[in-house]
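Just so we're aligned: the sequence shown equals residues 678 to 1064 in this note's numbering.
Derived from the structure by calculation, the hints contain no laboratory data.
A few of these clues could be false.
In silico DSBU-like pairs for lysine-lysine, Cα to Cα no more than 35 Å straight-line [said to hold, decoys possible]:
1. Lys825 x Lys756
2. Lys825 x Lys986
3. Lys723 x Lys919
4. Lys986 x Lys818
5. Lys986 x Lys719
6. Lys719 x Lys756
7. Lys979 x Lys756
8. Lys756 x Lys818
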Amino acid sequence: MKRPTTSNTLAAPRSFDFVTMGIALLCSIYGLLLVYSATYYKLGDKLITPDFRSMLVSVLLGITIAVVLSNVDYQIISKLWPIIAAGCILLMIVTMIWGVGPPERPDARSWLDLKVFYFQPSELLKVGFIISFSYHLDIVKDNLNRLKNIVLLVIHGMIPVGLVILTGDAGSALIFLLIFIGMLFFARVNVGYFIAGICLIIIAFPIAWATGLISGLQRSRIVALFYPDQYESIMYQQENGKIALGSGGLTGQGFLQGRMTQDPSHPVPANENDMILTVAGEEFGYIGAMLVILLLAALIVKVVFVGLKARDNVGYLMCSGVAVMLLAQMFINVGMELSILPVIGITLPFFSAGGSSSLCIYIALGFVLSVYRYSKVPRDALFYADL
């Protein structure tokens, strides 16, 4: 009987990836401190606020799921992509019919009211899309740049974008678009297709503006960036956020001591969500704000390196998708808080209050941990084999 070669022999799984999980835990602990401070003025005679409790429960549940997923071979899960995709799409359809939106956007239907808590299915759809798109890219890897395959990949990528837009959440749709583009980049799609895509986006933007796919509030927020003096009410959140962010100086005013963060009049609306970095800047200063960015950057780099050591294209692309998702959300959220970009409701991963976001990010991280654990195998025919 012929002895199997090394490349065909499945090596024993690695130990747990404590570095990746450790960085994520540091992010979550810091995030919980910031959310506690941002909602401290709401405490009254209560021990914790609903926002803090929701985030804490979601983080603990997410960590548990991530650890469980780390012990399941990601290749097995990736082959279940039709079931995962169908489940996510069904949830989005349910959200379109019975979903609810925030008070300022009664036309939106982004959340499901489960009575016990609110759940945002688009967060879970991100994970489902990364899994299914990774598998799709792997299937066509030998003829990736053939026009037929590119068209099918674009259709695949636009399905979640369209579903999210139909729920009235243009901000999340942008994240899906960036994940789609980023994964194509990591898969090494021909640069000509990217140029064509950019041209299509330039053409599509004014059409979306004119047809109302970009809501009136979102349009006002975009225009307000260029004419802040004429849109003071719309820029109120961002302008006060910048003041709070800069008022902490180098080391900050101290935990629970931020003058604007702890002001009962709440001069920085949604500082536990969209504007969480302002809390870090005011109470922990420039050092505290930079620590947020550095922790996220370290996690993103670590996820990319896990992908580069994956045993196959699916693992590589899963990690790439998670890294792009984290980078896109970080870039857009920080841009919002610095008034470089309009406020579009994008949370800062691990730091902003939000049970759905925290839970689903840890689920995504669970797949990264699985890739690390089950990638102690020589790699063949990879996109990045020549690196």
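Results of checking the hints against the structure:
no.	hint	verdict
1	Lys825 x Lys756	holds, 23 Å
2	Lys825 x Lys986	holds, 30 Å
3	Lys723 x Lys919	holds, 30 Å
4	Lys986 x Lys818	holds, 18 Å
5	Lys986 x Lys719	violated, 46 Å
6	Lys719 x Lys756	violated, 46 Å
7	Lys979 x Lys756	holds, 25 Å
8	Lys756 x Lys818	holds, 16 Å
Violated hints for the displayed structure, listed by number in ascending order: 5 and 6.
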